[in-house]
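Peer 1: Read off the chains here:
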Amino acid sequence: MTSIEHLLRELAPQVLGVLTRRHGDFAAAEDAVQEALIAAAEQWVTNGIPANPSGWLYHVATRRYTDHLRSEFARQQREQDTAVVWAENAFVPPPDVDVTPDRDDTLTLMFMCCHPALTTASAAALTLRAVGGLTTNEIASAYLVPSATMGQRISRAKQAIKQAGATFAMPAPGERTRALESVMQVLYLLFSEGHTASSGDALVRTDLSAEAIRLARLLRDVAPDHPEVTGLLALMLLTEARREARTGAQGELIPLDEQDRTRWNRASIDEGTALVEQAFAKGTAGAYTIQAAIAALHDEAPNTVNTDWPQILALYSVLEGISGNPMVSLNRAIAVAMVHGPASALSVLDTLAQDVRLTDHHRLHAVRAHFHDMAGDHEQAARHYRLAAERTASLPEQHYLIGKAQRANAMRNDALISPPE
Amino acid sequence: MRYMLMMHAPRGTGDWAVMSWAPEDLKAHIGHMKQLAGKLQASGELVTAEGLAMPTEARVVRAGGAGEPIVTDGPYAEAKEFLAGFWIVDVESTERAYAIGAEASAAPGKGGVPMNMAIEVRQVMSAPPIDG
Numbered sequence: 001m002t003s004i005e006h007l008l009r010e011l012a013p014q015v016l017g018v019l020t021r022r023h024g025d026f027a028a029a030e031d032a033v034q035e036a037l038i039a040a041a042e043q044w045v046t047n048g049i050p051a052n053p054s055g056w057l058y059h060v061a062t063r064r065y066t067d068h069l070r071s072e073f074a075r076q077q078r079e080q081d082t083a084v085v086w087a088e089n090a091f092v093p094p095p096d097v098d099v100t101p102d103r104d105d106t107l108t109l110m111f112m113c114c115h116p117a118l119t120t121a122s123a124a125a126l127t128l129r130a131v132g133g134l135t136t137n138e139i140a141s142a143y144l145v146p147s148a149t150m151g152q153r154i155s156r157a158k159q160a161i162k163q164a165g166a167t168f169a170m171p172a173p174g175e176r177t178r179a180l181e182s183v184m185q186v187l188y189l190l191f192s193e194g195h196t197a198s199s200g201d202a203l204v205r206t207d208l209s210a211e212a213i214r215l216a217r218l219l220r221d222v223a224p225d226h227p228e229v230t231g232l233l234a235l236m237l238l239t240e241a242r243r244e245a246r247t248g249a250q251g252e253l254i255p256l257d258e259q260d261r262t263r264w265n266r267a268s269i270d271e272g273t274a275l276v277e278q279a280f281a282k283g284t285a286g287a288y289t290i291q292a293a294i295a296a297l298h299d300e301a302p303n304t305v306n307t308d309w310p311q312i313l314a315l316y317s318v319l320e321g322i323s324g325n326p327m328v329s330l331n332r333a334i335a336v337a338m339v340h341g342p343a344s345a346l347s348v349l350d351t352l353a354q355d356v357r358l359t360d361h362h363r364l365h366a367v368r369a370h371f372h373d374m375a376g377d378h379e380q381a382a383r384h385y386r387l388a389a390e391r392t393a394s395l396p397e398q399h400y401l402i403g404k405a406q407r408a409n410a411m412r413n414d415a416l417i418s419p420p421e
Numbered sequence: 001m002r003y004m005l006m007m008h009a010p011r012g013t014g015d016w017a018v019m020s021w022a023p024e025d026l027k028a029h030i031g032h033m034k035q036l037a038g039k040l041q042a043s044g045e046l047v048t049a050e051g052l053a054m055p056t057e058a059r060v061v062r063a064g065g066a067g068e069p070i071v072t073d074g075p076y077a078e079a080k081e082f083l084a085g086f087w088i089v090d091v092e093s094t095e096r097a098y099a100i101g102a103e104a105s106a107a108p109g110k111g112g113v114p115m116n117m118a119i120e121v122r123q124v125m126s127a128p129p130i131d132g
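If you're matching them up, the sequences are chains A and B in order. Heads up: the first sequence at position 383 corresponds to 383 in the working numbering, and the numbers run straight through without jumps. Heads up: the second sequence at position 59 corresponds to 59 in the working numbering, and the numbers run straight through without jumps.
To be clear, the hints were calculated from the coordinates, so they are not data collected in a lab. Don't be surprised by glycine CBs; every beta carbon is placed ideally from N, CA and C. There's no promise every hint is true.
In silico contact screen, one side only, chain A against chain B (beta carbon under 7 Å); selected entries [claimed, not checked]:
| id | residue |
| --- | --- |
| 1 | VAL45 |
| 2 | PRO116 |
| 3 | THR120 |
| 4 | SER141 |
| 5 | VAL145 |
| 6 | THR149 |
| 7 | ARG153 |
| 8 | ARG156 |
| 9 | GLN250 |
| 10 | ILE254 |
| 11 | PRO396 |
| 12 | GLU397 |
Here are the simulated lysine-lysine pairs, DSBU-like style, with alpha carbons at most 35 Å apart [claimed, not checked]:
| id | chain 1 | residue 1 | chain 2 | residue 2 |
| --- | --- | --- | --- | --- |
| 13 | B | LYS39 | A | LYS162 |
| 14 | A | LYS162 | B | LYS80 |
| 15 | B | LYS80 | B | LYS27 |
| 16 | B | LYS80 | B | LYS110 |
| 17 | B | LYS80 | B | LYS39 |
Produce the complete structure using the sequences and hints provided.
Peer 2: As structure tokens, this is what we get:
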């Protein structure tokens, strides 16, 4: 990212917050700021960064906003000339005006972009643009869809917010926790997208995980009293720390137990671990904080065997109680296998398999295969690795599972031909 | 989630029997497909969509001994249907991909009767999720 892009992304939500608060129409203000960002990206490269960059953006965005009003007035056939002169005189601030960033504005923007009327995926795209200050092109390239498609997705999201009657105001105190949960869910989805995006040139693509971490830091700045936000940031950092080690030179998947731990990012682990401690110190830990604590235990362990599995099992048991996500139960089963052995873990899986969300899920088959491998039943392991490989929608994971199936099969054959000791 | 929707059109006498349709039937058919593409564009779900040339124009390529392309006119698997076009969509759910498939399938054919073509729906593979 260039220093101009960095600056624009930082200023975008501040300028949008001021503009929306002043004029009320979030959808139009958001379009205006987007146009100002594009203009700035072009002009600042040639002319240099202006002395007052946020004042410049606010000035240009307000101009674009009045352009929008002009066409609205024209459409409604009002006394447009008078109206436009009035609008420009009343609205457009000089380019050297001081734009005072307001913490609550940024938080209100986040709440608006993650409005419950939106799906998490469309809220994520809108958040990237309105709060993250990314252009439609950058977001489209991150999601590998055409720019026009992404533009539509974002404008539909804004229409949905408008139709839901949302206004630019802080939600009532009773609703803030729920609103904050929506924002955290959207940011975590963004973070996961960054890890799972299918293909494309990583050098030119927007890094969604880095953007999610940046936005989580921003959320923590504007909502400092919520330990779960700290937990979320910690979880992202502790997961991101292992990212480099997760894939090999050919993009192949390297699971946690086979990763080269010297490739893990120490600075991210240290920061994340300190944040987990802060979050825990503030009282009852929520789902993100618990997941972060689990990630911290993995990150601090020298290898899989010398990992604090009893502690991980305890944390997953707490998490299972509050999340209701069947994937948490599957992860807990892995901890059961490490603490109590594969036989106990297999019986846990038999119970979990009755949940229709898991019955034929590739991850259930993969975990079952792993337990059979641990128990020395390589024939069953090979069978379940194959079932998992057929069902996954991830190509590197499929290659990995096929490799595991082949190895399990080879071990089975070895066992068949070698004479008894 | 990304899905590829592949439209398998019926082979009539010769290739697609579209030549025997009344001009207004063809126009209605094309209109249906254009409208579908427009709707997917507007809903923010369209990644790409293409119609394919007739199978008589198709060729099979295999590498020869030195890696050179050897192009032949067939052989093709005997089939009642052929791949006529495809969409790649980015949608929220499998059910949505099926709904789009049904809409494509219902394109009007000869006499304006819905063709109910087979639309093969396949998920496009992605990278693995984050490990726990």
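Peer 1: Mind listing which of the numbered hints don't hold for this structure, in increasing order?
Peer 2: 1, 2, 3, 4, 9, 10, 14
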